[in-house]
Amino acid sequence: MTSQGDYSVVVDIDDEGDLGDLDYNPDPEFQNTNFPSASGNVSTPGRKPATPGLPPNSSAPGKLHMWDINFYAQFFDLNTNDLLVRCKAALYPKANFLDVIDGNPDLYGPIWITTTVVLVLFLTGTLAHYFNGGELPGGGKYDFRLLTGAAGLMYGYTFIIPVALWGALKWWGGEAGILEVACLYGYANLVWIPVAVGSISTITILNYVFVALGFAMSATFLFRNLFPIVSSTDAKTAKMLLIVAVAAHAGLAITIKILFFQHKSPVKKT
Amino acid sequence: GTDRRAQQSTLDETVWATLSRDIFAVWAKMKEVLYPKFSWKRWPDVNEVLGEGVGSIEEGGMAPLQGKVGDWDLWGPLVFCLLLSMLLSFAAGGEQGTVVFAGVFTLVWVGEAVVTVQIRLLGGNISFFQSICIIGYTLFPIVIASLLAALHVWTVIRLPIYAVLYLWSLAAGLSILGGSGVVRHRVGLAVFPLGLFYLALITLCLVS
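Order-wise, the sequence lines are chains A and B.
Under UniProt numbering, the residues of the first sequence are numbered 1 to 270, in order.
Under UniProt numbering, the residues of the second sequence are numbered 1 to 208, in order.
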């Protein structure tokens, strides 16, 4: 190994000064490098152009496609602690939820919170019905369609409305991240769990109170956090979209009340 | 015909020999998966169960389990799923028998698949069918629960029994996380879907 100046050459140079497979040329000309450089490589005429630096994308061996399962791993990139922090922020809204997400919207929260809500609604709805002495048509002890109905309702609402909102925003010239909106709606569902548990009681007026409280809390949460998102379009459209979102949410609250916690409703008898 | 577990050619053996080999394999796996691997004296610490868990199939892990669970099959899961769907369908009563059967069957397979995919998405490195196999075997306590439901045992008696059966299933199910490479900080995230899956099935048994 020879030393040149302040550093030592890492590659062994044999007697002819040949560095083997490096593009070493002993002629005193400007050397093309193999390093990726922003300004491109300078090449002198008549010389073999050096291979340009690899563009950043294809340097990683596997570019992720939509079909690759690892593509979706980026939406689940959070720790247990992060999830709990987000849940708390959804229930006790102090900071802007989008700040809590901090550029890393996840799908874990929306999917599993919604699934938990479906299960809890089914269980508490069945229990509420049982405690209120209701009889099911057909003589069974529980209504399995309550489970499938809950699933359809919650999954539909949580995942279709964000897509619709995103589409509407794009149509009216705004910008919205679809994942952020889905995240918002997913975590907003958290409030229905305590509402459902509280509504098992036989005191009818309490059912109304709990559902109304749940609606108020989640609607405020949604409104406050949707406001900066929809503001990317003009004021009139933004207002209209917000009104539609809150109205849809009210529809969800009413549907939950009627389907699961209504004991004298005509709907149940059909 | 060949069977990877058979010592010699399986063409000439008796029907009983063929069947019994599979039956014993299922029984052996059941014992491995369902025998709880922590001490009964105190509440098992999740990290402890996972840490010394059953080891991954690729690495050494626990030698007996490696031999048996590495050799996954779907007979056990299928049998348990069918039993569960049937029993819950009987227990449902009324006119919903067929709806419940179809619903539970779908719920079991879709649930197993979703839980497995979720663990992989969280960074765990587990073989898809191995995980389905193990989760399928851990449904055995839930099958017992549905049997109690179909026999219309009093709810008051069923409730504590169900709690025990649920914990048994969950403890056995945690074994798939051992050695799967899920990061420490995400263990809660990986366990929750599994727990929710068992809870959904126990709930169906409970309300029947």
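Derived by calculation from the structure, the hints in this document are not laboratory data.
All values reported here derive from a predicted model rather than from experimental measurement.
Some clues are possibly wrong.
Claimed, not checked - To list a few chain B residues with every Cβ distance to chain A over 12 Å, as calculated: (1) Y35; (2) Q96; (3) V183.
To be verified - In silico SDA-like links for lysine to any residue, alpha-carbon gap of 20 Å or less: (4) A/K141 / B/Q96; (5) A/K141 / B/L151; (6) A/K141 / B/V153; (7) A/K170 / A/A216; (8) A/K88 / B/L159; (9) A/K257 / A/K170; (10) A/K141 / B/G97; (11) A/K141 / B/H185; (12) A/K141 / B/H152; (13) A/K257 / A/W171; (14) A/K141 / B/L159; (15) A/K236 / A/I254; (16) A/K257 / B/T155; (17) A/K257 / A/F227; (18) A/K141 / B/L148; (19) A/K88 / A/Y72; (20) A/K170 / A/T116; (21) A/K141 / B/F101; (22) A/K236 / A/W171; (23) A/K141 / A/L259; (24) A/K141 / B/T155; (25) A/K88 / A/F71; (26) A/K170 / A/V244; (27) A/K141 / B/R158.
All residues carry an ideal CB built from backbone N, CA and C; glycine is no exception.
Verification of the supplied hints:
1. Y35: holds (28 Å)
2. Q96: violated (5 Å)
3. V183: violated (8 Å)
4. A/K141 / B/Q96: Given that 20 Å is the threshold and the Cα spacing comes to 10 Å, the pair holds.
5. A/K141 / B/L151: holds (14 Å)
6. A/K141 / B/V153: holds (14 Å)
7. A/K170 / A/A216: Violated, because 28 Å separates the two Cα atoms, which is more than 20 Å.
8. A/K88 / B/L159: Not OK: A/K88 and B/L159 at ~31 Å, beyond 20 Å, violated.
9. A/K257 / A/K170: With a Cα-Cα distance of about 33 Å, the restraint between A/K257 and A/K170 is violated, given a limit of 20 Å.
10. A/K141 / B/G97: Measuring from Cα to Cα gives roughly 12 Å; hence the hint holds.
11. A/K141 / B/H185: violated (41 Å)
12. A/K141 / B/H152: OK: A/K141 and B/H152 at ~11 Å, within 20 Å.
13. A/K257 / A/W171: It is violated: about 33 Å lies between the C-alpha atoms, which goes past 20 Å.
14. A/K141 / B/L159: It holds: about 17 Å lies between the C-alpha atoms, which stays within 20 Å.
15. A/K236 / A/I254: violated (27 Å)
16. A/K257 / B/T155: With Cα atoms ~27 Å apart, A/K257 and B/T155 exceed 20 Å; violated.
17. A/K257 / A/F227: violated (27 Å)
18. A/K141 / B/L148: holds (15 Å)
19. A/K88 / A/Y72: Cα-Cα ~25 Å, so violated.
20. A/K170 / A/T116: violated (31 Å)
21. A/K141 / B/F101: holds (15 Å)
22. A/K236 / A/W171: With Cα atoms ~14 Å apart, A/K236 and A/W171 stay inside 20 Å; holds.
23. A/K141 / A/L259: holds (17 Å)
24. A/K141 / B/T155: Satisfied, since the Cα-Cα distance of roughly 12 Å is no more than 20 Å.
25. A/K88 / A/F71: Since the Cα atoms of A/K88 and A/F71 sit roughly 28 Å apart, the hinted pair is violated (cutoff 20 Å).
26. A/K170 / A/V244: Status holds; Cα separation ~16 Å.
27. A/K141 / B/R158: Given that 20 Å is the threshold and the Cα spacing comes to 16 Å, the pair holds.
Taken one by one, the earlier hints fail for this structure at numbers 2, 3, 7, 8, 9, 11, 13, 15, 16, 17, 19, 20, 25, listed in ascending order.
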